[in-house]
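Starting from the known structure of chain A, arrange chain B on it as the hints suggest.
There are 2 protein chains.
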Amino acid sequence: MIETPTKDPNATFIKTRRTQAPEYEIIKYISQFMPVSEAQAEAIVKNMKFRSFKKGTVLLKEGQVSKMCYFVLKGCIRQYFLVDGEEKTTNFFTEGQPVTATAYEGTFKQKPSKFYLACIEDTMVSLSSPEDELAFFEKFPNLKPARLLATEEELGKSQDSLSSYILGSPEEHYLNLLKTRPELLDRVPQYQLASYLGVTPESLSRIRKRIMIK
Amino acid sequence: MIETPTKDPNATFIKTRRTQAPEYEIIKYISQFMPVSEAQAEAIVKNMKFRSFKKGTVLLKEGQVSKMCYFVLKGCIRQYFLVDGEEKTTNFFTEGQPVTATAYEGTFKQKPSKFYLACIEDTMVSLSSPEDELAFFEKFPNLKPARLLATEEELGKSQDSLSSYILGSPEEHYLNLLKTRPELLDRVPQYQLASYLGVTPESLSRIRKRIMIK
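Heads up: the protein sequence lines correspond to chains A and B, in order.
Residues 1 to 214 in our numbering are what the first sequence lists, from first letter to last.
Residues 1 to 214 in our numbering are what the second sequence lists, from first letter to last.
Among the hints, a few may not be true.
Because identical chains share one entry, a pair is satisfied inside a single copy or across any pair of copies.
Stated by the list, open to error - Cut-off 27 angstroms, straight-line C-alpha distance, at most; resulting in silico cross-link-like pairs (DSS-like, lysine-lysine): (1) K114 with K179; (2) K61 with K157; (3) K109 with K157; (4) K109 with K179; (5) K111 with K61; (6) K61 with K179; (7) K157 with K144; (8) K111 with K28; (9) K67 with K144; (10) K139 with K49.
Derived by calculation from the structure, the hints in this document are not laboratory data.
Here chain A stands alone, though its shape is the one from the complex (with noise of 0.2 angstroms):
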């Protein structure tokens, strides 16, 4: 049952107890692209899937092919490369992010992974394969707009991610996700985090004295 029916079926989402659930962080998504009432919601709910893992649950490793396309709704998933036997972290994906990395090489084109995904903490998250993404938007094709909108808004965070690694310093690095992301550097492992920028973990350390003392 919906708690505050609207009779508007093109009202905006409205947030209440039962949609701050995390399956409702899909919606919130959704809703910044196009509004969503709240019986459309409760509709999308009921139509996808989700699932848990425990901190630790590796979804995809090298070499396989990824079946699936997630969002995360709780949690953290970490993106990582192997290489000469060192795990180099690149991104890591918290709630209300869809995982882009698997999303078209992996899971459209179906081309073996380069990289592993891996849950740093437990994780919930709303999943779905090709066929799934299919019968979904056939279900509801009002929400095609958004697909394209989301895809063009992670192209340019993505392109932004990128401008501002080549541009800048580790130190600005972490300055920069400090403003951006503050919650995720007390949440990741400091050896990953060091990783991620691309510094051994004693220069985050001092990075992180440096910056203290501003």
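What follows is chain B alone, placed relative to chain A:
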């Protein structure tokens, strides 16, 4: 007039002398995602806007709001940031590439640009405003799925670039460019290439020597 008309409107686009004109780069790009008949190719080309710019033309400056999306038909567009008076190159867009940098944040969201776009060769582009795009896809609704696929493809490439930037040393980036975009290395001034790889021109020179010895 079409040189080799086809009776099948869904036939895959076939190369002819006409279709090797720069304007047809955009058709080659779309053909990666869906079949385009010769007749449709001609209609698409007729409905697009093309423009040529002299080497050195600045298409977009920091602080300006981009009104256009560009697709490179011939030539090369460089993306760079001005950091403490110094140009830092973050991308090169050549034949067959959409200039993804402006597409979302700028042209769609109308945010002032953080970077510059300049032609480093005489350059020909197809260009479109958001209104042009709307009119175009109303005229060619069957191309809408190609638009989503293209955006997903560019997102995949952008994420690949980001991962390899985080993972690799400047020497590895150089080797990667040698493998994936060898023509770029001869076309681009060395100081811009060095900036793109995040090294000084002297370091780039040393990297090149080391690779030649190998």
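Going through the hints against the structure:
Taking identical chains as interchangeable, the C-alpha atoms of K114 and K179 lie at most 27 angstroms apart only when they sit on different chains, with a minimum of 17 angstroms there against 30 angstroms within one chain. Taking CA atoms no more than 27 angstroms apart as the test, K61 paired with K157 passes in both settings, with 25 angstroms inside one copy and 20 angstroms between copies. In the homo-oligomer, the alpha carbons of K109 and K157 lie at most 27 angstroms apart both inside one protomer (22 angstroms) and across protomers (13 angstroms), since each shortest distance falls under that limit. For the identical chains of this complex, K109 and K179 are inter-copy neighbours only, at 21 angstroms across copies versus 35 angstroms inside a copy, given an alpha-carbon limit of 27 angstroms.
For a Cα distance limit of 27 angstroms, the shortest separation of K111 from K61 inside one copy, 12 angstroms, qualifies, whereas the shortest one across copies, 38 angstroms, does not. In this assembly of identical chains, the alpha carbons of K61 and K179 lie at most 27 angstroms apart only when taken from different copies (25 angstroms versus 31 angstroms within one copy). In this assembly of identical chains, K157 and K144 lie within 27 angstroms of each other by CA distance both inside one copy and across copies; the values are 20 angstroms within and 22 angstroms between. Taking CA atoms no more than 27 angstroms apart as the test, K111 paired with K28 passes between copies only; the shortest distance there is 23 angstroms, against 31 angstroms inside one copy.
For the identical chains of this complex, K67 and K144 are neighbours both inside a copy (21 angstroms) and across copies (25 angstroms), given an alpha-carbon limit of 27 angstroms. Taking the shortest Cα distances, K139 and K49 sit within 27 angstroms of each other inside one copy (15 angstroms), while across copies they are farther apart (36 angstroms).
No hint from the list above goes unmet by this structure.
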